[in-house]
Structure formats: structure tokens, C-alpha cells
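Undergrad: Order-wise, the sequence lines are chains A and B.
Position 47 of the first sequence, counted from 1, bears residue number 47 in our numbering, the numbering being contiguous throughout.
Position 347 of the second sequence, counted from 1, bears residue number 347 in our numbering, the numbering being contiguous throughout.
Please keep in mind that the hints were generated in silico from the structure rather than gathered at the bench.
Among the hints, a few may not be true.
[Unchecked claim] Label-pair restraints from in silico Cβ distances:
1) A/Glu164 <-> B/Pro376: 40 to 46 Å
2) B/Gly288 <-> A/Thr250: 53 to 59 Å
3) A/Pro117 <-> B/Gly213: 56 to 62 Å
4) B/His375 <-> A/His95: 54 to 60 Å
5) A/Pro15 <-> B/Thr203: 56 to 62 Å
Glycine residues also receive a C-beta, built at the ideal position from the N, C-alpha and C atoms.
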Amino acid sequence: MTTATVATEAGGDNPYALSHLDALESEAVHIFREVAGEFERPVILFSGGKDSIVMLHLALKAFAPAPVPFSLLHVDTGHNFPEVLDYRDRTVERHGLRLHVASVQDFIDRGELRERPDGTRNPLQTVPLLDAIEKNRFDAVFGGGRRDEEKARAKERVFSLRDEFGGWDPRRQRPELWQLYNGRHSPGEHVRVFPLSNWTELDVWQYIAREKIELPAIYYAHEREVFARSGMWLAPGEWGGPKDSETLETRLVRYRTVGDMSCTGAVDSDAGTIEAVIAEIAASRLTERGATRADDKMSEAAMEDRKREGYF
Amino acid sequence: MSTTHAVEGVVDAGATSLLRFATAGSVDDGKSTLVGRLLHDSKSVLADQLEAVERASLGRGQEAPDLALLTDGLRAEREQGITIDVAYRYFATPRRRFILADTPGHVQYTRNMVTGASTAELAVVLVDARNGVVEQTRRHAAVAALLRVPHVVLAVNKMDLVGYEESVFAAIAEEFTSYAASLGVQEITAIPISALAGDNVVTASATMDWYGGPTVLEHLETVPVVADPSDDPGRFPVQYVIRPQTAEHPDYRGYAGQIASGVLRVGDPVTVLPSGRTSTIEAIDALGQTVDVAWAPQSVTLRLADDLDISRGDLIAPTASAPSASQDIEATVCHVADRPLTVGHRVLLKHTTRTVKAIVKDIPSRLTLDDLSQHPAPGELAANDIGRIVVRTAEPLALDAYADSRRTGSFLLIDPADGTTLTAGMTGTAFAEAASDAAPAPEADDDGWDF
Chain A
1 MTTATVATEA GGDNPYALSH LDALESEAVH IFREVAGEFE RPVILFSGGK DSIVMLHLAL
61 KAFAPAPVPF SLLHVDTGHN FPEVLDYRDR TVERHGLRLH VASVQDFIDR GELRERPDGT
121 RNPLQTVPLL DAIEKNRFDA VFGGGRRDEE KARAKERVFS LRDEFGGWDP RRQRPELWQL
181 YNGRHSPGEH VRVFPLSNWT ELDVWQYIAR EKIELPAIYY AHEREVFARS GMWLAPGEWG
241 GPKDSETLET RLVRYRTVGD MSCTGAVDSD AGTIEAVIAE IAASRLTERG ATRADDKMSE
301 AAMEDRKREG YF
Chain B
1 MSTTHAVEGV VDAGATSLLR FATAGSVDDG KSTLVGRLLH DSKSVLADQL EAVERASLGR
61 GQEAPDLALL TDGLRAEREQ GITIDVAYRY FATPRRRFIL ADTPGHVQYT RNMVTGASTA
121 ELAVVLVDAR NGVVEQTRRH AAVAALLRVP HVVLAVNKMD LVGYEESVFA AIAEEFTSYA
181 ASLGVQEITA IPISALAGDN VVTASATMDW YGGPTVLEHL ETVPVVADPS DDPGRFPVQY
241 VIRPQTAEHP DYRGYAGQIA SGVLRVGDPV TVLPSGRTST IEAIDALGQT VDVAWAPQSV
301 TLRLADDLDI SRGDLIAPTA SAPSASQDIE ATVCHVADRP LTVGHRVLLK HTTRTVKAIV
361 KDIPSRLTLD DLSQHPAPGE LAANDIGRIV VRTAEPLALD AYADSRRTGS FLLIDPADGT
421 TLTAGMTGTA FAEAASDAAP APEADDDGWD F
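So here's chain B without its partners, still in its complex pose (with noise of 0.2 Å):
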């Protein structure tokens, strides 16, 4: 069924939009038989890596292809039966074009769920319908809200295991969408599924006749992907300056770059931070043609009235809604590096297309992603750890707060002597405003979600 879907609608190039999306679970919720099925059923599973995983799983005893060898590409995934790393998957539909996150669901895989979610647009979480919430959803939870996925669904799983009851289904759906809504996730949609049987994945269920929602599939091609970005400041940072000196352009000066956030048009005021020299946008080339207005995330070329010296880090924003510079972040991160990070570390800031020197000048407190409990003043973050950190840089920065722009709230920590990637950061408080009062926090002593 789902073949003729596939080849229907791609030989119409260019007509379909793309999604991202993460999904997050343990083996046990069924994780990798919900992405084979849609892998397998949307036809991006072909006849040779179906042989192939068959061969693999017959070769360890097993006599039902085990699913998880589709993603799980690597020589040691494979001798331990685990996933490591993050495995990004294609698959597509005439609606839509999907790259999926694939990331492993344990502890110390936390950098690889936030790494995955920082481009989603909507993330998975997986619960096993017999178990309900556990620890590990909240963490999940947490990690789509501070990494603010725009959407998040529920799919409880193993419905065929409980019954198809919708008792079950409510219960759980209930609590989870209080619990992710108390931390601002703006968008909740819980989906009973049976990822083995094919309920609810692509096809609707023919036994829960009482879920009136869409299917997973559904809802994947149906979810809105565009926020509407003229509500948002525009945000130009340069990455490179364009200058042919030829016979035939002797005198072009652009400046390329991808736009980070809202819209730009021709005729817009602008300043250039952190000079805070200001011009006009004269022209916009958008890859071969020029246009009037452009928006977040095309890469286009900026043509400005004046001559300004502007080079790679710079950031040209409309006058009327740049951002101001600051030499102090303060910051949410998820540590990504095996070596901890101190008081006093030095390291190298990069944000968008600037990398200045900074100094980690206090680690005022670490989250437990479970409970949402705290740890002031722990000294150091080891990997895996989110906590608070405040930084000193060389330079202003013109950061925007993550909850504003994950593109121009985000930072990444390097290590100056070896470029290790140290840390990932969020500027600003961790969950949304709207969470403070109604989240519980079991072990937090203060109010706030700015632990």
C-alpha cells in the first residue's frame, strides 16, 4: 500500500516539505519495531538491507529479522546489541520528506537525545503501555522541553498488551501531557499504538474503534513545520564575504550567509553588530536570483547601500529589533565531552559564525533530568550532566535567548587545545515561563525553573 504512496508523489520534484524528528526510547518500548514499521511501511526499507538484516539476525539465532540492525550500522553496535550513537534515517511520503534522529534512550546517552532533538521540530517519546510514565519518559519529557521541540508526541505502545483499553491509553496520556506541559512543551499528542501489530502506526486501528486521532504517519505529515517567521527578529550572521574583482563584477561586495531567524526584504534598515554600524539592505541574491524578500532558513547574499567593513562573526539585523551584546551568558547545558568541565576552564564560544575566547565563571547548579532535582554548586559537569554554567567572553556576543531562537541562543564550548566539543548551551532560563508554578520539583528549594 504504502509503495504506491512513495512512487505516486516523488516524480513531482520539489512538492513536498521536509521534517525533522527525533525519536526517544529504550529497545523495551518498542522503539526500533515503531521506526522499522515506518521505515518498512513508508518503502524505505529495500529488498537487499531487508536480506541483509535477515542474514545478520539468522546468524545470531534469532528467526524474526531484528529491526534494530537497520539502524544500528555500526561493527560494536552490533556485537552489543546496542545502539552508541545517533543514526539519522531517511524516509519520505508524497506529502512529505522526513530525516529522522534515531538516538538511544539510556543515561549516558544523553548527549546523543539532546543532539538529536537541537533539529527537530517534533519529537517521539515512547512509553510501554503496561508501565505507564517511568523516570525515563520524564527525562525524555525534559529533554524535548529544554531543547524546545516545537511539538512532542506521546506514542503508547504495547496497546495489544493491556487490551486495547482506553482506561489505560487516558491515564497515562494524562499524566504525561500535565507533566510535559508544566515544563512548556507547547504541543502534546498522545497516539495509542501497537508498533508490533500496526496500530495507529500508518494504518488506523482497527480494534481501538474509540481513538479518533490520526496515525503516527498521519500526524508526522500533517504537523505544521513553518512557524510563521514575521513574527520573529531578523537575524543575518555573515559567514563569508563575497568578492569576485572581476572584469564583470568588479565592484560586488556581499555578504553570504543563511538567514537565522525572520524575514529580511530590500529597503530594511539595518545594523551590523557588535560595530553597531547601520545601512540599508540594497539587494538580496537568493542562490541565482534576486529577490525583494527572504526569510529564516534560506542562504542567500546580502547587498548593503553603504560600504561598511563587515566580516565573517559579524551579525546584520533590522535596526529596529537588534539584538543588544553582552559579554555574559548565563546558560542551561548538556555536557557532551568525557572530561568534566571546571570553574575556571577556558575555552573557545562558538555562536552562529563567530568563536571567541571565554572563561566558565561559576557552575551554579546540575538538573537530574528524572526527578528534575538539583545539585547546587556541583563543581564540575561530567558527561551527560545538564546543569547551569555562567561564562565570561573576550568579546560581546549578541546572543539571543534560546527560548527566542534556538539558532541564535545556541552556543557550543571547545576545548582551545585539541577542538574537542565540550559542552552544548542554551541561553537564558531552561523551561518555559509558563512552567514555574504548575511542575513539581521534588528536591528544588527555590521556585523558579532558572535552577
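The shape of chain A in the complex, shown without the other chains (with noise of 0.2 Å):
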């Protein structure tokens, strides 16, 4: 009976097309259930962003009606915007979900990270990852990076083998063929699993829009103070902005990614609703990681190094 609004999204004349979003959901739905089926002790990386928020979304959708069999870990930087980790307390609480956090801060407070000159603190996420990862003997992690991010992840597979060290070896990867995941990891190793790999930064749009979906207010135009630095608009913290050669003004913006406040840029938009989003996404000449993110400015290969380490 509702098989037909299936059936008529990219329908055309063949009863059997499923729409493009219909397909991506349906891949990344069995690599949840390949995971839950194979692995022991699996967790979802959510940081309060949007492609962690659609992985969550997704991991519902795939176990229902049981609840996600999974927990959630946050790598906390310290630099928070509040809307997020706001977001983050009310998910866990209404899907009664178990949330593990690892803190950067708590890192630096033990002296077993140094604060960086720059302030920046998404390069230290990589040791409180590992550590969680290690104390909790996760076997599986969620992450939700996607391929048409990063030329590295580009490269990247769906289940990514990841060493004792949680380094990731580009050249010694396993070949991914069909729909067969090969989870198979010896003791200390695990696997980083990522189910949006297919997804591009406007499917994740256009499917938070068909299915409804709740962001945190920042991914939505709103005035807020900022500075601009290396080309970015920052917004001011805790965390060490702006310096005396910066100036504050007021600015109507937006994020189009969310993570540590002292290196994720704003973007000027007046994109108010997930309608006006899309059709921003869609017109822009920069890619999201370009547009918002100044760790992966750094050199050609940030992101590999980045990975080769640990990262997500």
C-alpha cells in the first residue's frame, strides 16, 4: 500500500527505481547491521554535527523497534558551541542513548597533551580517541566522514582496518569488492566503519530535509559577532579569539560544518530554512572542508597525516 510513494520518487517508467536517496539510505543502513551482526562492542562518534546527526538518525531507522544497539562517543575539544552540546544532551536523553566523552581538556589538565601555539585543538582529538577506544575496547567505530570531503578519504574505505596504534596505512588497505565487508581485526586492532562514505554534502542536506530532521540552530543563518582569520569568520571564545589585531563585528552567517569553534569558520549566508540551505549548497563555488575548516588548509596532505595518526 505505501510501497507506491517508494516507487514514484525516481520512478520514471520502471516500478523498481529507488531514488538516489533511497539507495545511499539502504547501503548505510546494512553497514549498521553488518557491524551490529560482526562486531562486539561498536560505537557511534558523535559530535552534535550534521553527518553524525543523519548516522544516528540512520542507526534508528535500522533497528527499529529496538532501540540502537550502540553507544555514542564525543571527542570533546573544550571549544563547544553551546547550541551543539545542547543538541547533544537532548538526543542522548530522548532516545535514552548512552553517551561515553573523551575530553581534550581533561588531556591538558594531567599534562599529557600541550595546548598548541595556535590554539587549535582538533589536531589533539586523536589521543583521547585512541585512549576511549582502548579503555572501552571498542572494536567498531562509527565514523560519519565522507569520501567527496577530502581527497584522502576519497581513498578511504568503508571498513577501515586500523592498526594497535589506530594509525591508518593508505597503501595496505583492504580491497573492498561487492557489498562484503571484511571486518576481521586480531586483538587491540579495530575498525573504523563509515556508512555516509557514499553520501555527498548535499545528499546529507537534501535528506535531513526529507526526513525532517532536527540540527542544532547554528547550521541555520543568525547574526553573531565574529572575526576573521585566515580567511574564515571565527567566532570569539574561550579559546584564544580574536587576538589585538582582530576586530569583532556583527555579521549574519552560518556553519556548514561544526567542530572545534577555534578553527570551524562561519560562512556569510542569509539561508534561513533547510529549503534556502540546499539551494546555497548547491550554487557554492567551495567545497565545504575549504569554505570552514582551517586545519585542512595547512599542507596538501593535513588530512592524510591527520589519518595516518589516528584521526578520524
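Please assemble the complex out of the two chains, which come individually in their own frames, going by the hints.
TA: Laid out in C-alpha cells, this is it:
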């Protein structure tokens, strides 16, 4: 009775056609269920960003009417947007989930990590992440990474084996054929799993619109005090901006990505609705990382190098 | 032009279909230029990516931006100027979303071509119009045929360097088409292009008015992506059993999986393999809605009328078309690991959601893809070798012939010691039956393609 709605979307004259969103959704759900079937202690990396929110939404659908059989892990840089932390806590509460927090601040306080001169904590997330994986014996770690984001990620597998140091060796990846994912690993190793590998930024937004998924408000246009650094609009905060030479101004902005406040830039935007956001992304001439992430501008291989060390 | 293209269609979410395709060819054939042009003209290369490529190209003393740097993302690839691994690229037009597996074409990267082709519904094979069909072209055609990629495009590139001559194109197209058809490739479309000048890639050539067919992009946008699944037998490998055991759903017991083949309907009598027990489909939950019918490749949850002992690895199939199970498998394989596969090798065999112990009983032959010559009793298969193997499994498996179902006819061999993916397998004969008479087999000493 309800099948017709599925069929007509991408329709044409073939009643069995699936829209690209249905195909991507089915693939991601298959990936979640493979992990549930083959691993002992999976966990979903959940930052409160749109990709992790979409991952959680897919996991909820994959196992309904049962609860999601995984807990969540937030690697907290300490430089969070308050709206995002609030969203995170409400989401955990609403779905009765278990949340682990790996805190960069704790590591700095204990002297196990040192603050960088530029104040950026994004690269510091790797150590607390690997520590949480080891302490909790997580064997599969879901990340929201997409292959369209960055050229090193374009070569990432859906099931990506990490050695006992959490490292990624792009030359030693397992070939991934058909829909047969190989999750075998030795004790101490773990597998990073990327259910959104084949999604683009636009797919994610179209899916958010179709499924009417709530997002933290900072993804939509709002007035905010910002200052310019490295060609991006950064928001002031305890993390150390602005410096003396940088001046604050109020602008109408929104965030295309949500990460550490010290290196995640806002973009000028008047897109206050999901439809406006989708139209804006479709017309954009910059990639989301190019527009908003200082850490990826460091070098041509910045992402590859961080991934080799165990980053998401 | 293509910018407006992309913007108009995308706001209407969910209105487009998805095509997965692979490209094969070497740098010299202009593959990177073709891919770069498809990405560029469909607005998938954005300003910051192009600037990064321009900076990197200048840094190496190249004047024009090297579009290969868009896809060659790893440090080692950029340093060596070669493509090592499959790169996945994404672009869209208002009609369709595309996932492109961009694979390097060298012999030592056969495993990457096989990987890219394994999920592709279409393969683009490039040839240089000046060189015509060469060994490498034959290898690419053989991989597409072996992996049963339904649609193959022959892009005859660099037509500008042969004076846009129709006769040059026609001769190459005819040679390739008869070769690929002899291997069982079902649909071949030959297109004369100049990736550099842009002829027939996105827009029709102003020079080659003798060509009346589609451009590469037009063909990609219109080629049918879904065959009618109602002709295929229903196959539902169980991934996971959903049992909420909550106050709200005390008795819910659902079998979660992705339909691997065919169509499933409420009321269908089904058989569960390997147990052979039977029941009826009572309900189909399709990610939030209850439906009467579902088909491949939808992810759904089945509920059956009877309480049976069913777990991950079992296969649910309509009783009328249930497969038979066997412990003896003959298959064509591509060996993908660096250490060789030998007779007597004890391995794990992963088929759909089931993993069982297995032993390699025999390796009757190895195949050279360039000329399809056979080498009997090679003793072992090294990395990137294609060969025939005979495997005995510890438990019966319900495999289909790969020719009938790419999803349920494929398997992996895995090293039980460290989990390495050793070999990619395709059950049954290597090339389509239709091939056996017509195909040239230079050094073959037997008739069939069951080499």
C-alpha cells in the first residue's frame, strides 16, 4: 500500500527504481547492520554535527523498533558551540542512549597533551579518541566521514582497519568488493566504519530535509559576532580569539560544518531554512572544508597525515 | 552551462536516480582529462579544489593544471605521479547522481579494476584513436565481462589527433565491439570523443557531424540503471535479528537484511537455508513504514508467520525459487593479496552474511587477461592473477551462479590468521555462455570459457 511512494520518487516508468536517497539510505542501513552482526562493542562517534546526526538517524531506523545497539562517543575539544552541546544532551536523553565523553581538556589538565601555539585543538583529538577506544575496548567505531570531503578520504574504505596504534596505512588497505565488508581484526586492532562514505554534502542536506531531522540552530543563518582569520569568520571564545589585531563585527552567518570553535569558520549566509541552505550549497563554489576548516589548509596532505596518526 | 544544470535540479530532493560506474584506462589514454572534464563541467570541481590543483601543478613546473591531481589524493600518488588506489568521485546533474570509481589501468593494479567494476553498473573503457585496440584495452574489456558489468562504453579519445575521421572511429568501434560481445558483454556503446577539446564529452561535437549518438554524459544520464528485479529469484540474507523485548513490542521478532535479489511479497511462502524450514512472509517493515512488497536493493525487516530458529548468515528465499546448497564451489577468482594463494590453503569464505571455513582443493588454471591465454595447473595465484579455483566449504552454502546474481554469486576468501582479504570469487563459469564460439582464444586448447 505504501510502496507506491517509494517507487514514484525516482520513478520514470520503472516501478522498481529507487531514488538516490533511498539507495544511499539502504546502503548505510546495511552497513550498520553488518557491524551489529559482526562486532562485539561498536560505538558511534557523535559530535552533534550534521553528519553524525544523520548517522544516528540511520542507526535508529536500522534497528527499529528495538533501540540502537551501540553507545555514542563524543571527543570533546573543550571548544564547543553551546548550541551543539545542548543538542547532544537532548538527543541522548530523548533516545535513551549511553554517551561516552573523551575530553581533550582532561588530557591537557593532566599534562598528557600540550596546547598548540595557534590554540587549535582539532589535531589534539586523536589521543583522547584512541584512549577511549582502548579503555572501552571498542572494536568498531562509526565515523561520519564522507569520501567527497577531502582527497585522502576519497581513498578510504567503508570498513577501514586500524592497527593497535590507531593508524591508517593507505597502502595496506583491504580491497573492498561488492557489498562484502571484511571486518576481521586482531585483538587490539579496531575498524573504523563510514556508513556515509558515498554521500555528498548535498545528499546529507537533502536527506535532512526529506526526513525532517532537527539540527543545532547554528546551521541556519543567524547574527553573530565574528572576526576574520585565515580568510574565515571565527567566533570569539575562551579558546583565545580574537587577538589584538583582530576586530569583532556582527554579521549574518551560518555554519556549514561544526567542529572545534578555534578552527571552524562561519560563512556569510542568509539561508534561514533548509530549502535555502540546499539552494546555497548547490550554488556554492567552495567545498565545505575549504570554506570552513583551517586545519585542512595547512598542507596538501594535512588530512592524510592526521588519519595516519589515528584521526577520524 | 553545467552550473545552472546542477543548481536547478538539486533542490528537488530525491528526484534523481543513482548510477555507479567505473573508468579504466591509463594516463596516456586521457582518462584523467575525461574524468576531470566530467567533474568540471558538472560543477563538481569547486574553486578551492581547482586552486589547490593549480598551486600544486605550478609547484611541479607544469603550466596547465594537472587534473589528475584532483583524484590522486595520497602523498605517494602525487610524489610518484601515478594512481595507486581506486578513488571514488561524486558528481550530479539534474537527472542523475553519479558515483565514479576511478581505477588505474596498469597490470599490477588489476585488483583495483576488479574492485571498481564489482559495484559498477557501467564501465567506460578508453582507447587512444591513434593506437586503437591494444592489449590493455582487451584486459579492460575482459575485466568488465568477467565482473558482468551490464553496460560498457568505449570512448575513442583523441579524435582531434586523427583528423576527426569517421573511418578511424568505425574500425576501432567494430573491432572492440566484436571482441567484447564475444566475451558476453551485453551492451556496448562506442563514442568518438576528444576529452581535451571537449568533443562529445558533455556537449556534442561541432566537428564530428557524422556521429549522431549521445555524448558520454548524455549516455551516463540515460542508460537504464535498474533491470526489472521481478524476473530474478528472491534472495534475503539475514544480517541481524531484531528483538526489542520491550513493553511496547514484547513479541516482535524481525529479520533485518538487504534484499540481495528479486522481489519479496507479504504472503510469499519462503524456505530458510540451510535448515530447509518453511514459513510465510507475514509483514515487511521498510525503514519506518510497513509495505506489501519490497525489492533489491532495499534494506528491510521481514517478519515470518512461524517462530523459526533463524540467525545471521541464514538465507530466506521464496520456496518456489529457493537455491540448492553445496559444499563444493568452482569459481573464477581475482587474487588481491600480496601473498599467493596455494592449493591446500585453509581460509575463511565470506558469502553474503555467512562466513565459513574452507579449503582450496585445486587451482586448475590461470588466465592472462591481455590475450585470454590459459596456463594450466599454475600451482598458485599471485597478486592480480585471475584464475579458476575449486573450494570445499565446511558447511553447505546457498550460492547462485555469478552470471545470475552478482550479489549472491560473489564471495571473498579471507586469511583466518590476520583477516587479510585474499581473493575475490565469482561462482560458475568465467564468461557468458554466448561467448564460447565467437571468442578468439589464441593459446587455448579447449573449447569453453570454463578455463
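Undergrad: Against each hint, give a clear statement of whether it holds in the structure.
TA: Evaluation of the provided hints:
The beta-carbon spacing between A/Glu164 and B/Pro376, approximately 43 Å, falls within the hinted interval of 40 to 46 Å. For B/Gly288 and A/Thr250, the Cβ-Cβ distance of about 42 Å falls outside the hinted range of 53 to 59 Å, so the restraint is violated. Take A/Pro117 and B/Gly213: their Cβ atoms lie about 60 Å apart, and the range 56 to 62 Å holds. The supplied range of 54 to 60 Å is met by B/His375 and A/His95, whose beta-carbon atoms lie about 58 Å from each other.
Look at A/Pro15 against B/Thr203: about 33 Å separates their beta carbons, and that is not inside 56 to 62 Å.
Checked against the numbered hints above, the structure breaks hints 2 and 5 and satisfies the rest.
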